[in-house]
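Make the full structure from the sequences, and use the hints.
For the record, the sequence lines run as chains C and X. This note's numbering applies: residue 1 is where the first sequence begins, and numbers increase by one. This note's numbering applies: residue 1 is where the second sequence begins, and numbers increase by one.
Just so you know, these hints were derived from the structure itself, not from any lab. Each residue gets a CB set at the ideal place from its N, CA and C atoms; glycine is no exception. No false leads were slipped in.
Coverage of chain C stretches by chain X, computed from C-beta distances (three or more under 8 Å per stretch; other residues unrestricted):
| # | stretch |
| --- | --- |
| 1 | 34 to 42 |
| 2 | 46 to 56 |
| 3 | 101 to 113 |
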Amino acid sequence: KQEVTQIPAALSVPEGENLVLNCSFTDSAIYNLQWFRQDPGKGLTSLLLIQSSQREQTSGRLNASLDKSSGRSTLYIAASQPGDSATYLCAVRPGTGGGADGLTFGKGTHLIIQP
Amino acid sequence: EPEVTQTPSHQVTQMGQEVILRCVPISNHLYFYWYRQILGQKVEFLVSFYNNEISEKSEIFDDQFSVERPDGSNFTLKIRSTKLEDSAMYFCASRPFGTYGYTFGSGTRLTVV
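Below, the structure is given as C-alpha cells:
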C-alpha cells in the first residue's frame, strides 16, 4: 500500500527566504506526482504536476523535482512571501493502470511566512 | 479558468439521515472523484467514476455510500445513513483523459450531529 510522508510537518520562516518542502513515497510505481496548496477551510489548488518520466517542473517561484527511483520529491519556493502561507500537499497517482488512479496524499507541510 | 463547483459549501445533518453532496465537474473532463478530509487528517480517496460506472473505490466507500451522474453535468455522492464519523470535508475532483492532473472543488463541509 502506497504511503506518502511529508517533512517537515510545519515550517515558519521570515519573508524572503528560499525554502524546500519534502515528500517521500514508498512505492515508486507512480504515474505522476502533484503538489497542491490548501488554504484553511478551503479546497485544493494545483501548483505543479510532474509526470513519472520527468525530473522537474517550474512555475514562477515554484520548482518541483522528482526522483522516482528513490521515492522522493521536493518543492522549492524562492523568495517566499506572506501570501505563500498555506498547507502544501503532495499526492501521487498510482502507475498500476487498470482504472486504479485514486491519489494518495501526504499529510502536508503547514507553512507560515512571517512578514 | 474552468472550475469544479460543489454545493452546498456547508451541510449539517442529524445522525441517521441521508445526505446528498453535489458536484459539477469541468465540462470536458471524463474522470470524476470523491475524496474526504477529516479535520486534521490526510485527504483520503473514496471513489473514482468513469464511463458511468465506478472504476475504483477505497475501503472507506462501503454500502452506505453511492455515487451517481444523473445527467450530463452533475456528479453526486450519497450517504444513506450518516454517522458521526462521516463528519468531514468532502472534495469532488475531475480530470480529462490522458496525463493531466486533477482539478478539485472547494469542498462541502459535512457536520453530522
